[in-house]
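Produce the complete structure using the sequences and hints provided.
As they're listed, the protein sequences go chains D and U. Using our numbering, read the first sequence as starting at 13 and increasing by one per residue. Using our numbering, read the second sequence as starting at 4 and increasing by one per residue.
Please note that a few of the clues may not be correct.
[Said to hold, decoys possible] Quick partial rundown of chain U residues pointing at chain D, CB under 10 Å, derived from the structure:
no.: 1; residue: S8
no.: 2; residue: A104
no.: 3; residue: A110
no.: 4; residue: T120
no.: 5; residue: A140
no.: 6; residue: D191
[Claimed, not checked] If you want the footprint, here are the derived chain U segments under chain D, 3+ residues with CB under 8 Å:
no.: 7; segment: 20 to 30
no.: 8; segment: 112 to 119
Treat the hints as calculated values from the structure; they're not laboratory data. Where a beta carbon is used, it is the ideal one built from N, C-alpha and C, also for glycine.
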Amino acid sequence: MTIGGLLATAGQVLLVMAGAPVLVGLMRQVRARLEGRAGAGIAQPWRDLRKLLRRQPTTPTGTGWAFRLAPLLLIGTSLVLAAVVPLLTTASPLDPVADLFAVVGILALGTVTLALAALDTGTAFGGMGASREMTILALVEPTILVAVFSLSARVGSTNLAAIVTATLHDPLRVASPASLLAAAALLVVVVAETGRLPVDNPATHLELTMIHEAMILEYAGTDLALIEWASAMRLTVLLGLLASLFLPWGIAGTSLTALPLALLAFVVKVTLLAVGLGTVEVFIAKLRLFRVPELLAGSFVLALLAVASSFFLA
Amino acid sequence: MTDISYPQYLDLAAGLFLLTAVGVLWRHQLAPMIRLLGIQGVALAAIVAILGIHQHSLELILVAVGLAVLRAGVLPLLAWRALGEAPAQARETRPVINTAASLLAAAALTLLAYAVTRPLVALAPSPATAVLPVAVAVVLIGFFTLVTRRRALSQVVGFLLLDNGITAIAFLATSGLPLIVELGVSFDLLLVVLVLQVLTGRLRTTFGSTDLDELQELHDQ
Numbered sequence: 013m014t015i016g017g018l019l020a021t022a023g024q025v026l027l028v029m030a031g032a033p034v035l036v037g038l039m040r041q042v043r044a045r046l047e048g049r050a051g052a053g054i055a056q057p058w059r060d061l062r063k064l065l066r067r068q069p070t071t072p073t074g075t076g077w078a079f080r081l082a083p084l085l086l087i088g089t090s091l092v093l094a095a096v097v098p099l100l101t102t103a104s105p106l107d108p109v110a111d112l113f114a115v116v117g118i119l120a121l122g123t124v125t126l127a128l129a130a131l132d133t134g135t136a137f138g139g140m141g142a143s144r145e146m147t148i149l150a151l152v153e154p155t156i157l158v159a160v161f162s163l164s165a166r167v168g169s170t171n172l173a174a175i176v177t178a179t180l181h182d183p184l185r186v187a188s189p190a191s192l193l194a195a196a197a198l199l200v201v202v203v204a205e206t207g208r209l210p211v212d213n214p215a216t217h218l219e220l221t222m223i224h225e226a227m228i229l230e231y232a233g234t235d236l237a238l239i240e241w242a243s244a245m246r247l248t249v250l251l252g253l254l255a256s257l258f259l260p261w262g263i264a265g266t267s268l269t270a271l272p273l274a275l276l277a278f279v280v281k282v283t284l285l286a287v288g289l290g291t292v293e294v295f296i297a298k299l300r301l302f303r304v305p306e307l308l309a310g311s312f313v314l315a316l317l318a319v320a321s322s323f324f325l326a
Numbered sequence: 004m005t006d007i008s009y010p011q012y013l014d015l016a017a018g019l020f021l022l023t024a025v026g027v028l029w030r031h032q033l034a035p036m037i038r039l040l041g042i043q044g045v046a047l048a049a050i051v052a053i054l055g056i057h058q059h060s061l062e063l064i065l066v067a068v069g070l071a072v073l074r075a076g077v078l079p080l081l082a083w084r085a086l087g088e089a090p091a092q093a094r095e096t097r098p099v100i101n102t103a104a105s106l107l108a109a110a111a112l113t114l115l116a117y118a119v120t121r122p123l124v125a126l127a128p129s130p131a132t133a134v135l136p137v138a139v140a141v142v143l144i145g146f147f148t149l150v151t152r153r154r155a156l157s158q159v160v161g162f163l164l165l166d167n168g169i170t171a172i173a174f175l176a177t178s179g180l181p182l183i184v185e186l187g188v189s190f191d192l193l194l195v196v197l198v199l200q201v202l203t204g205r206l207r208t209t210f211g212s213t214d215l216d217e218l219q220e221l222h223d224q
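This is the structure we're talking about:
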């Protein structure tokens, strides 16, 4: 463990905590501007969070521990992800935990807790949202595992930091078919996992097709703030993971001096990804729910082809 | 082009080649399928051109130019024209099995292609033969498209996929056919597509749709 790695990891967590709502605000603002609206400004999610955090949480009658525990577990898993994934540095003191399978497991843990909480409320919307979320999770998880497996096969390790370091040493790997296919598959999966268009529409509350919003309808006050914050952090970490795996330039090792540059590179990369995603969302409509498995099956095939080509073309 | 980057360019072109084949299975509308077919033609021409540049063979480069004109220009254009006459409701493919299942089948076919071509690749390991499984996979996916689609036009697309795959195998496995054979095959292909285009038109005037399921009974007319 080095002091540089420790500092970078702490910085990573703080940056994700502070930056995630801004990132969501930025995506909304891009969308608003492209649709010809003025938009609420990129700091609006922070204002919403501040308002919600001051309010008292209420729990519906008849709900148990699953409902109360979910926001805490969700924000906890998001913070662990922010610390573990190599966003600023590859020399994190939590390096042994930064295993691919552990990261996917932590990601799924948050999702499952929220689905359990939605079931706990006993409302029709909660159950519907939970069942849809589980359907998507069941299709998304194999794709993530297979896609990153194609990257780890060449490195010989499922450790994320090891994969990023190997790509840093050999930048031409990014242009190989395996890497490009895996990038496309992971992008679809990130969009599905964070509940954005075309899988889910994050802007609506009153639609029979909603997924994520249906699960959190019963939350209020501090609990709702925690869930919104955690969702924003998951989005940031997943975009950051994409950037680290496929555009790893600028990520610092153990040295302290490279840290400001890594910080800048991370902010630029994630901002570009978010602006790109926000722009694309303007031009596409939400898929019918029954078309979503087709999209995810497509991304699974991409991931599988990535693995196949990493074995046979290499 | 240096020799270090040659396998990488070849891999990239092959990746695009396979990706467009999977994309054809993924899409529901006929128009994007034809566009993907055009992109696949470009990828095929790129594979041949890369082989030609690597072997310093002018003949292969000329063949690549010809392939680009035929596969990325003329054939998609003909299919496009046949599509232009179709009524709006006939622009969807209506596959026999649903898209998710056919995508999974495509994945299985790709793995099958890798398994089957391993002895072939082992005969003469080189960057060109290493890409051979991709071409075989495209042949299998094209055949699958041919079998599971109902519209006449999407079957034409499947047939062209199949033939793109066969051409790719020919160039990757043997480093080039005699020019005269390639010319003959290309003209055959052009004729087949023209005939199929006429057939599609006849189908539509007789039955009002290009659904091949209508052809199950014999009529006394």
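**Report entry** Structure-inconsistent hints, enumerated in ascending order
**Finding:** Violated: hint 6 alone.
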